[in-house]
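Produce the complete structure using the sequences and hints provided.
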Amino acid sequence: MAGCTASADEVRPPEDVLSFPSGLAISPDESVLFVANANSELRYDSGSISVIDVGVVRAAIFGWDGGLGQAQAGCEVEAGHPETLVCDEADFMVTSAGVRIGNFATDIALQDFGDGKYRVFVPTRGDPSIAWADFVDGKLDCNVGSERFELCDDAHRLSQLENDPDLDAIPEEPFGVFADGPSGVAMVTHLSTGAVSLIAAPPPGGDGPANVRVVDVRSGFFNLDANNTVGATSIVGRPSGPGATDPRDLIYVGSRTDRRVQTFTVGTLPLPDPDVAPVATEPAYLLPSNYFLLTEVGNVVGSSTDTRGMQFSPDGTLYLVNRQPPSLQLYDTTLGPTGFPKNVGIGGTDICRQASTVAVFNNGDGERAYVSCFQDGQLYVIDRRELDQPEDILLVGRGPYSVVGAGSVGNQQLLFVSNFLEDTIAVVDVTPGSATYNRVVLRMGKPRVP
14 MAGCTASADE
24 VRPPEDVLSF
34 PSGLAISPDE
44 SVLFVANANS
54 ELRYDSGSIS
64 VIDVGVVRAA
74 IFGWDGGLGQ
84 AQAGCEVEAG
94 HPETLVCDEA
104 DFMVTSAGVR
114 IGNFATDIAL
124 QDFGDGKYRV
134 FVPTRGDPSI
144 AWADFVDGKL
154 DCNVGSERFE
164 LCDDAHRLSQ
174 LENDPDLDAI
184 PEEPFGVFAD
194 GPSGVAMVTH
204 LSTGAVSLIA
214 APPPGGDGPA
224 NVRVVDVRSG
234 FFNLDANNTV
244 GATSIVGRPS
254 GPGATDPRDL
264 IYVGSRTDRR
274 VQTFTVGTLP
284 LPDPDVAPVA
294 TEPAYLLPSN
304 YFLLTEVGNV
314 VGSSTDTRGM
324 QFSPDGTLYL
334 VNRQPPSLQL
344 YDTTLGPTGF
354 PKNVGIGGTD
364 ICRQASTVAV
374 FNNGDGERAY
384 VSCFQDGQLY
394 VIDRRELDQP
404 EDILLVGRGP
414 YSVVGAGSVG
424 NQQLLFVSNF
434 LEDTIAVVDV
444 TPGSATYNRV
454 VLRMGKPRVP
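Going by the numbering used here, the sequence shown opens with residue 14, and the numbers climb by one from there.
Just so you know, not all the hints are guaranteed correct.
Derived DEER-like restraints, expressed as beta-carbon distance ranges [unchecked claim]:
| # | residue 1 | residue 2 | range |
| --- | --- | --- | --- |
| 1 | G280 | G219 | 23 to 29 Å |
| 2 | D401 | G127 | 38 to 44 Å |
| 3 | Q83 | E175 | 53 to 59 Å |
Calculated directly from the structure, the hints in this document are not laboratory data. A virtual CB, placed ideally from N, CA and C, is assigned to each residue, including glycine.
If you want it as structure tokens, here you go:
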């Protein structure tokens, strides 16, 4: 017999290392970037959430100036790409701000409470569970103890309905996640069951952790595929129109086995706390609403049955990535005469195979969709005004997955791309008129050898 003789410290993930980075989320003020590390080869005893100082990233890029300026100490120029600086990821991390979570993290969503307080949710497929942590005083917190780089405790690890061990466990394979601060709602999709979980997520306050918990789970919305499997993937909230009570009043969920997109609203009940005004409510149950079929690209049986990424633009256009066939599809979700979204196709274009996610970002020169291509190591850049062909196709690293934009601070317009298979984050310059436009100008982390 053989056993592992390593100590707990030896298998603990380092605070300043990326390990199969998957989900990315940026704070509303663009000061910090949150990174979910999946630890997918189980080198360590847990995954983690890293916190990156975006100001330090911007300073390094500004000083480097695409190869015309000064390289940050300890960094090197990427072979064959003189505009790209490669630096140790530790140079940009706030090492005292991260936390440890379960393995096989897939996504990350940020809940903004509008007063400088944030919360992140991360589905972890290995447990299965959903980790959550509040960002307080410049660091993530998910444990009542004072340990640095703490492992999230049971109160911050959602694995049972109502956090009650006598009730049902959440479904397997939590995958996509959505969160909204004002409504106190978070939702998670499940890749192998097609289920959707609703989380009541009130703001932080008081001495202990907030009463965050899974309150409802629904399934049975999506058809089985030819392999007799069913799954829900991406999830996104539709921007509300004027006069709406919630910033996100309708939630869209896609499937990897069905061309149906299911929408949901959230039912509420009065808070049980007698000290709270009776008009106060909290999320209590999911209400399935209308659904529509993806018919913009391919009308034959089996078309558009593998949705992988969805994002809304501010005007309500839904950008949707599908793998069968490989396509980016656009849908008009403005309200029709009946008061429901139209959900009609308005355009589409061919993209790479095995696309994973899509980000929608306006760099000051119009809105663009950025599609990550996991298999090919590429990022497709698509201008919605020119859907006949991509504006550009970039090589960004091995296994690109999540993409987020940052452009509200200063003149730099940047994209962050997590490269899952090489343990790096690529930073792309998307500033109009820049000499390094649509080029990787910084790589955080030295690429791991395959």
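For this session: Could you tell me which of the hints above the structure violates, numbers in ascending order?
Result: none
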